[in-house]
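Peer 1: In mature numbering (1 follows the signal peptide of the UniProt record, and there is no 0), the protein residues as written are -23 to -1, 1 to 87.
Hints should not be assumed to be uniformly reliable.
With a straight-line Cα cutoff of 30 Å, these simulated DSSO-like cross-link-like pairs (lysine-lysine) come out [claimed, not checked]:
| # | residue 1 | residue 2 |
| --- | --- | --- |
| 1 | K72 | K29 |
| 2 | K45 | K72 |
| 3 | K64 | K49 |
| 4 | K49 | K87 |
| 5 | K69 | K45 |
| 6 | K64 | K87 |
| 7 | K87 | K45 |
| 8 | K64 | K45 |
| 9 | K69 | K49 |
| 10 | K64 | K29 |
| 11 | K69 | K87 |
| 12 | K72 | K49 |
| 13 | K72 | K87 |
| 14 | K29 | K49 |
| 15 | K69 | K29 |
| 16 | K29 | K45 |
| 17 | K87 | K29 |
Just the calculated beta-carbon pair ranges, DEER-fashion [unchecked claim]:
| # | residue 1 | residue 2 | range |
| --- | --- | --- | --- |
| 18 | D2 | F56 | 32 to 42 Å |
| 19 | D22 | N43 | 31 to 41 Å |
| 20 | E25 | C60 | 17 to 27 Å |
| 21 | D2 | G59 | 31 to 41 Å |
| 22 | S36 | Y86 | 21 to 31 Å |
| 23 | A54 | D76 | 25 to 35 Å |
| 24 | D21 | K72 | 17 to 27 Å |
| 25 | A54 | D2 | 14 to 24 Å |
| 26 | D2 | P52 | 15 to 25 Å |
| 27 | N73 | E53 | 31 to 41 Å |
| 28 | V4 | F56 | 11 to 21 Å |
| 29 | A35 | S14 | 15 to 25 Å |
| 30 | S31 | T51 | 22 to 32 Å |
Quick caveat, the hints were computed from the structure, so don't treat them as lab data.
Here a beta-carbon is modelled for each residue, glycine too, at the ideal position from N, C-alpha and C.
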Amino acid sequence: MKKYLFFLLIGLIALGCSTDDDATDAVFVLYNQTYCSDPWESIDDNRELVDKISTYFASENIAISNLKIDDKGTPEACFGCGCLTGKRIILKVNKNDLDAIMAYGFQEYK
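Based on the sequences and whatever the hints tell you, model everything.
Peer 2: Right under this line is the structure:
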């Protein structure tokens, strides 16, 4: 009986470790934040910005995940609305929503 339980346990573990087919259906995208031309409200606090972006794309029916903000972009010396702040918005989106999110200025990020 212990032998069967052992093989059953090994089988369940093997099934649990199978590859996730849905993982290949998502891609990372990147957006360089502007001072005030973004479709969501520009906010300095990254936590609030994450909430604003998440809420915005939920209202647009674009599912996003793994949203991160970093300061690794190149800020521009101007302060016009279209000038870049140096913040980069990186997130994951389903391949089916790639064209929709690229219409907002995102680009594929690898």
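Peer 1: None of the hints should be skipped; say for each whether it holds.
Peer 2: Results of checking the hints against the structure:
1. K72 / K29: holds (22 Å)
2. K45 / K72: holds (19 Å)
3. K64 / K49: holds (6 Å)
4. K49 / K87: Satisfied, since the Cα-Cα distance of roughly 15 Å is no more than 30 Å.
5. K69 / K45: Distance of about 9 Å is within 30 Å: holds.
6. K64 / K87: holds (17 Å)
7. K87 / K45: holds (14 Å)
8. K64 / K45: The given pair, whose Cα atoms are some 10 Å apart, holds under the 30 Å limit.
9. K69 / K49: holds (18 Å)
10. K64 / K29: Given that 30 Å is the threshold and the Cα spacing comes to 15 Å, the pair holds.
11. K69 / K87: Roughly 11 Å separates the two Cα atoms, so the pair holds.
12. K72 / K49: Distance of about 25 Å is within 30 Å: holds.
13. K72 / K87: Holds, because 14 Å separates the two Cα atoms, which is no more than 30 Å.
14. K29 / K49: Holds, because 20 Å separates the two Cα atoms, which is no more than 30 Å.
15. K69 / K29: holds (16 Å)
16. K29 / K45: Holds, at roughly 13 Å.
17. K87 / K29: holds (24 Å)
18. D2 / F56: 32 to 42 Å: Holds - the Cβ-Cβ distance for D2 and F56, about 40 Å, lies within 32 to 42 Å.
19. D22 / N43: 31 to 41 Å: violated (19 Å)
20. E25 / C60: 17 to 27 Å: Roughly 21 Å apart at Cβ, these two residues keep to the hinted range, so it holds.
21. D2 / G59: 31 to 41 Å: With a Cβ separation near 33 Å, D2 and G59 satisfy 31 to 41 Å, so the hint holds.
22. S36 / Y86: 21 to 31 Å: Since S36 and Y86 have Cβ atoms about 23 Å apart, the given range 21 to 31 Å holds.
23. A54 / D76: 25 to 35 Å: holds (33 Å)
24. D21 / K72: 17 to 27 Å: violated (32 Å)
25. A54 / D2: 14 to 24 Å: Violated, since A54 and D2 (Cβ atoms, about 40 Å apart) do not stay within the stated range.
26. D2 / P52: 15 to 25 Å: violated (34 Å)
27. N73 / E53: 31 to 41 Å: holds (33 Å)
28. V4 / F56: 11 to 21 Å: Given about 32 Å between the Cβ atoms, the range is violated.
29. A35 / S14: 15 to 25 Å: Because 21 Å falls inside the window, the suggested range holds.
30. S31 / T51: 22 to 32 Å: holds (25 Å)
Taken one by one, the earlier hints fail for this structure at numbers 19, 24, 25, 26 and 28, listed in ascending order.
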